[in-house]
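Chemist: Model the full assembly from the supplied sequences, consistent with the hints where possible.
Letter by letter, the chains look like this.
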Amino acid sequence: MTQERLLQVKNLSRRYGAQWAVQNISFEINRGEVLGFLGPNGAGKSTTMQMVSANLAPTTGSIVINGIDLFEQPRAAKALLGYLPEQPPLYRELTVDEYLNFVVRLNGIKKGAQSRAIAHVKERCGLGDVSGRLIANLSKGYQQRVGIAQAIIHSPEIVILDEPTVGLDPIQIRAIRELIRELGGDHSVILSTHILPEVQATCDRVQIINRGELVVSDTIEGLMNRMHGSTLKVALRNPPSVDELKSLSAEIDEIESLGEGHFRIHFRPEQSPAELLVEQAVAKGWGLYELTPAARSLEDIFVDITTSEHEPLELATEQEA
Amino acid sequence: MIRTIAMRELRSLFLSPLAWAILAVVELILGFLFLGQLDLFITYQAQIAVLESPPGATEIIVVPLFSSATVVLLLVIPLLTMRLISDERRQKTLPLLLSAPVSMTEIVLGKYLGILAFLGVLLAVILLMPFSLYLLGPLDSGLLFSAIIGLALMIASFAAAGLFLSSLTNQPTVAAVMTFGLLLLLWIIDMVGNAGGGGSELLKYLSLQQHYQSLLRGLFDSSDILYYLLFITTFILLTIRQLDAERIRG
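Here the protein sequences line up with chains A and B, keeping their order.
Once you know that position 22 of the first sequence is 22 in the working numbering, the rest is easy, because the numbers rise by one and skip nothing.
Every position in the second sequence, counted from 1, becomes a number in the working numbering once 321 is added.
Check before you lean on any hint, since a few could be wrong.
Below, a list of computed lysine-lysine pairs in the DSS-like style, where the Cα atoms sit at most 30 Å apart [as the list claims (entries may be wrong)]: (1) K413/B to K111/A; (2) K233/A to K284/A; (3) K110/A to K413/B; (4) K140/A to K525/B; (5) K246/A to K284/A; (6) K233/A to K246/A; (7) K10/A to K525/B.
Worth flagging that the hints you see were computed from the coordinates, not collected in a lab.
Modeler: Structure (structure tokens):
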């Protein structure tokens, strides 16, 4: 993978009235990367996507696509973009072929290359069987595929997908995820979603946005590391008091008693008290019979990060809406 | 690029039953009026012929027909233009155009030319009626030409106003009602002007009808043409501005 910067977003902010929907967001994407854009509903994901896709003008900040500034040379920059909004922009009265024909021209593809581009994208999105049908009569999954076809028909450098799997059945979701992974081969993809397994399944890098601000930007591996080892599950036959356990080490943050000698011990990352615990358990005859490092799920991390300021999530969502 | 957008607009119009229904209804009503005027002309032809400078078929048949045509079109064009932009917004298809490598001006002009192409078809169908009179004898071609220009400009102005009002809302019916209201107002504004009183000259100038009437009399005055062109340009620019402002305001 070459480390070529395809998209540079700098200090992007957007205000609706007095409310900042997005505040001072900066990020970059390299060629061939799939970037997951995570956040609770109303955190500013769609607003960011709309700004990067030129549907919304930012209040401040700059967006540079492959060296071309989106606001100084909008036409050249937009030619490098493919965008699938939350609701696929489909003309329902057209057939799939008519629609793709329109899109291919709209994107300024030369006459000679048009039919090739259409054939290619139909094959890629599995639209061959429905090409003569009205878009209005297609199932949601197929409509979504037409939406993706629309976004990649001109082989853009950057494909922006805003919640592409909402409302699909599990088989369709899997197919679309596969397609996204495939796209990551030669395009760069920004995938906005609030579905966590989707990110785990498709993305190279993850950014979490909360209340308009970027709170985490990390690789999937980095996030996985955060997930591992900051909790231990312990079972003791003759348990001491929670306070006694807690006094074992300064690195222990919190101990939950789960009853019948089961405890969950939370500690600071990389500071496992497991060894100490085993030594003490043997010395004091606590009867240790179970010790499991519990992995935290992406969901735990997500909830941690997005609710870290001890405000209920509902409140945050309301504010941003 | 403008052409691509215009062709899409035209195709979608012809795919909707509304457009066909409107073509049929307009043709039916105007055909009825046309036959009525033709009947009138045939009945009184002998009496008229003895006058010193008798009014011809063009004055008696074509001019009243065109006069009525604008009233019918005033009712009908808002129904055609109402969906231009409001429907894109309602169906959430606007992002497709906005993130494509085209400018706002191209989008708006494409939409406008698309609806104009459809209205061109409508005009052509209407014009078949006066042209059919050529089979029976000569017409006053100068007057006919001036009247056609007037009707075409009138239609184009209606469409431009409709385009703008369609960009203000995401509900087609609201756009239609507003367009109809605005056009009717501009139509009858000269009543006040004719009644005299302050600013009557200005009101008369603003009226869509005043300029049309002189073209229907065969007076080809460039200031009338200019009025329509200004009218159209103003509304197109307002539409572009409106859509641009929306991108900034969100």
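Chemist: Checked against the structure, which of the hints given earlier come out wrong?
Modeler: 4 and 7
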